[in-house]
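Residue numbers (the working numbering), protein chains in the order written: chain A, 1 to 597; chain B, 1 to 597.
Don't take each hint at face value.
One copy or two, it doesn't matter: identical chains are merged, so the pair holds either way.
[Said to hold, decoys possible] List time: in silico DSBU-like cross-link candidates among lysine-lysine, alpha-carbon distance up to 30 Å:
hint : residue 1 : residue 2
1    : 333       : 156
2    : 51        : 497
3    : 333       : 153
4    : 580       : 153
5    : 527       : 589
6    : 153       : 233
7    : 156       : 589
No wet-lab data here; the hints were simulated from the structure.
Number of protein chains: 2
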Amino acid sequence: MLAEDIKIYDIHQLRELASRLREEMIGAVRESGGHLSSNLGAVELILALYKAFDFPHDKLIFDVGHQAYAHKLITGRSLSGLRTAGGVSGFPDPAESEYDAFIAGHSGNSVAAGLGFCAARDLRGENYKVICCIGDASLANGTALEAVFASEKKPKNFIVVLNDNGMAIDKNDSALYRSLSKATARRRYRKFNSFLDKRFRTTSPFGRKLRRFKYMVKGWLNKNYFFERCGFKYVGPVDGHDLTELVGVLTELAKIDEPILLHAVTVKGKGMPEAESDPSRYHGVGKNFAQTDHSFSTALGRLLCARAGADASLVAVTAAMADGVGLSEFAEKFPSRFFDAGICEGAAVTMAAGMAMGGLSPVVCLYSTFLQRAYDQIVHDVCLQNLPVIFCIDRAGFVGADGKTHQGLLDISALRAIPNLRVYAPKDCAELADIFDFARAQGAPAAIRYPNGYAPNLGGRYKISDYYLWETLSEGDGVVVLACGARAVSRALEAKKLSGIASVQVVNCRSVVPLDTRLLDFFARRKIITFEEGYENGGFGSAVAEYYAQNNVSVRMKIVGAPGVFVSHASAQQQAEKYKLTAADLARKIQAFDARE
Amino acid sequence: MLAEDIKIYDIHQLRELASRLREEMIGAVRESGGHLSSNLGAVELILALYKAFDFPHDKLIFDVGHQAYAHKLITGRSLSGLRTAGGVSGFPDPAESEYDAFIAGHSGNSVAAGLGFCAARDLRGENYKVICCIGDASLANGTALEAVFASEKKPKNFIVVLNDNGMAIDKNDSALYRSLSKATARRRYRKFNSFLDKRFRTTSPFGRKLRRFKYMVKGWLNKNYFFERCGFKYVGPVDGHDLTELVGVLTELAKIDEPILLHAVTVKGKGMPEAESDPSRYHGVGKNFAQTDHSFSTALGRLLCARAGADASLVAVTAAMADGVGLSEFAEKFPSRFFDAGICEGAAVTMAAGMAMGGLSPVVCLYSTFLQRAYDQIVHDVCLQNLPVIFCIDRAGFVGADGKTHQGLLDISALRAIPNLRVYAPKDCAELADIFDFARAQGAPAAIRYPNGYAPNLGGRYKISDYYLWETLSEGDGVVVLACGARAVSRALEAKKLSGIASVQVVNCRSVVPLDTRLLDFFARRKIITFEEGYENGGFGSAVAEYYAQNNVSVRMKIVGAPGVFVSHASAQQQAEKYKLTAADLARKIQAFDARE
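One chain only, chain A, in its complex shape:
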């Protein structure tokens, strides 16, 4: 395996390997899509880490796996079929390889996880190094900051590698970023440093002394630097693409046991000119580097621009996901009303609550999976105060290639129990606008969830209103399919056709909280199937079952949704197939239920 070969490679061989790895990555992403810019930027860092440390005995914890493709390749995993069913996942995952020390889909967890490993190691009297590799954008996340500040005494044999590509995704005016750039700018020292490096081999006794001297110089220059206050020896900045420098420094660091923060400066997209010049464009891409079509995200962006033009109180808030949630145009058109909190979902939501309290009408746009980070802020800061904050929840339901860590299957269960919060799920982009307007008119907190990918326009008869919370899209007096969410509704309509049963009634249940109890009462004696792309436990179907139970009504119903498992990468369609949530699956369930006495 390459991981072992690297130990004996010289710098020249490592450089060649770096090129080969980049080629493989670019090829694999061209083939099946993936995260490119960050992965290209971390190649030399990873090679140097493998040269200096002994994985998997030592633990390498990535903070978000965007960086880890090189690591996957050198630990014997092929990127062919990357992020597709049966291929490797896009992020590190201990279930995939013993070299993946910890899961890495949500930003900011690595330092806390690393501290946990160190505590375990020290208590068990074991002996390994724990290395966290965290990007500058992730470091600004609350969980990361909590861990960095956790104690002024950091454990021994604990190294945090700060992969500083100066991106912080869509945001770089953060205080942290500025501190880092200041350090990076100490060019005089860096020149001095590389001069010494070139003159003296670090393996010589003198070289080692020299290195210690260099750390001292660096220590003076970086005196008072905030990592030092947090119990780390600060080392850097080093050039994150200079293998000689990296291997030299990391080999030294492997020999000492002090807690270290190594600051490596990298270039996002390194080695692929298009990506270097526009790293955001190549951050995450589809097949052939295409930008994926996200109907709902695009529709939301347009909608917010339109509404913002007419209403000066409307502001948009996101957490390092402006492109992903469709806010790029809004950010350009209304820069003073666009707020990107960085990868700080909690602060973003609380900030939005403050804005609402101050008289604005904030719209918080997040992915379903990342919204989980702000659960308490939604409860305590928004809903308890009943503030008119609208949550636009993108990537709800199966997310496809991003896999286990990114699924949007929990939002209904988590949100529908929170008092004061209304929860909606539009059937298509046109209805997104209707629901958005309806939700804002209530002057109360609301969450609107929708999936990624293409969404056909389904027409419909009644705009949402207090009377028409739900709408029947296809009439019938037999089995009632209560479908919740865009994919569920369009599949339910198709399932009716496939079933060949004309008496099936298909209802678009666009409001989860409140339920359309008028219709539910009306359906009480019918056979009911609820259908959603979300966990069955606590989801929409659960809400329906609960409503009948609360009112002491016995019904014949069946809940169809995702089972309680973490869903691996594949296309969203394959995920639906695997868990029997396609139109054909639903058609069979309708037939079986219809046939029952």
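Put chain B on the given structure of chain A with help from the hints.
Positioned in the frame of chain A, the structure of chain B alone reads:
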């Protein structure tokens, strides 16, 4: 109102007022319990703020309301009946007074909320100051840190008052704390400062120039201090009990528009010798300053000590709540296996995940309400990796006097949808131990929830096992009461007696995930009442309704739990009465259901 009088009070009158306020607070807490130490420490700060600023036009945002009693008193609220039904709540709440700019029950939200207010003010062209008053312990919270680091450009007219009592509750080795102590230690400057203050009145033209000079000196001394990097002018440290200094500084600060961090050093428990010498003891107390009896917390503490003695891999993790969750003895006996992350629930949970990955057996002890802060970490870091982390969730159900911000009503809904996570609710302290052992034996993540207050020992027949997930405590072939949790089970037993119906069967449903489907199948043709102290939406009853619906079984059932509202302060018993969850209420429901055809 005092808030207006303060404007014309001189320092002498303010001092007298401070004494009076302290007396009132101490009297009120003696009468009905509450938070004492922090409130005593913030009196002069609050008076000086009211002297210098113009509330409620200016916005005063407290970070956790522990500090706010003086603020309540001077804004016309009586503390008599504090935290009891009909009296004032223990925390600031905009629903209670226009002087309460933002809710303040969970730590770390003030700075983000303040940034939100500033954004709203500036966009709307309004003109007021936003002042956040945050304790040093809260500042270490991730949401607070996210906001502090959010941007290197902080808004104008934004003042963060750091109320530094050097406590950080049970933990003071944090990096933040050390930075603060360093600043506090600059005694030479402080002496110089107070010398100048005594010599020159700050209202004279020379006094003003002098003050500016003093800021400059202070600026030099505190150069590179981390708040400056985050866009604040750092001012301080000032003596948080010296009204002359505080009024002088704050009056100056009210005149300038720069973003300021004012560092005030206070003494927790100030003015009450017992509290000053043992501030943790008087942090939160009951009537007559008694320590409340928490059967479950005490039982958990003993249990963990017992198990830790026999199993070196067991470690306990909490987030600034060692006393509250019953871990004081554990912390003393097993200092190297006790981890207090400070008010950092997210990092605490992720750290526990790292520990589990490293081979330990971590038990995370948190209040139900604060667990909400770690929702994503539970999903992504613990459950996705299926790590054997046990969550001991204290204060589940109604919490009584702490009120709206602290209720433990959401945990079942939030947790039961998370794949891999088992969820339990013991009926009494003896069963807590059985369930704890059972959960650990599974080697998978588990949450065990229990309420505060006294819990009677209910006996029982079968220890929990895979076969006996639930147990019948009182036999019968009529209405089945499925009771979940200690309070629900003991009330259900009483309700059977009160109902006078011998055929009622009472089942202790101690396992929420998984459900005892063997028993549920057995009960399918019976009348079923589910009973719990948690929100009905998505709760235990919902899980039961959902199980039958998933299996296409029509049942006659009724869900009894808390309605979807935020529940205000009162005793836990009064809260149960208000929402009709007492034994008598349940007895009536049993009778009505029993009588139905």
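Hint check:
1. 333 with 156: This pair counts as between: shortest inter-copy Cα distance 24 Å, intra-copy 50 Å.
2. 51 with 497: Close neither inside one copy (60 Å) nor across copies (73 Å); limit 30 Å.
3. 333 with 153: between (47 Å within a copy, 21 Å between copies)
4. 580 with 153: Neither: 51 Å inside a copy, 51 Å across copies.
5. 527 with 589: both (12 Å within a copy, 28 Å between copies)
6. 153 with 233: both (11 Å within a copy, 28 Å between copies)
7. 156 with 589: Answer is neither; intra-copy 58 Å and inter-copy 61 Å both fail.
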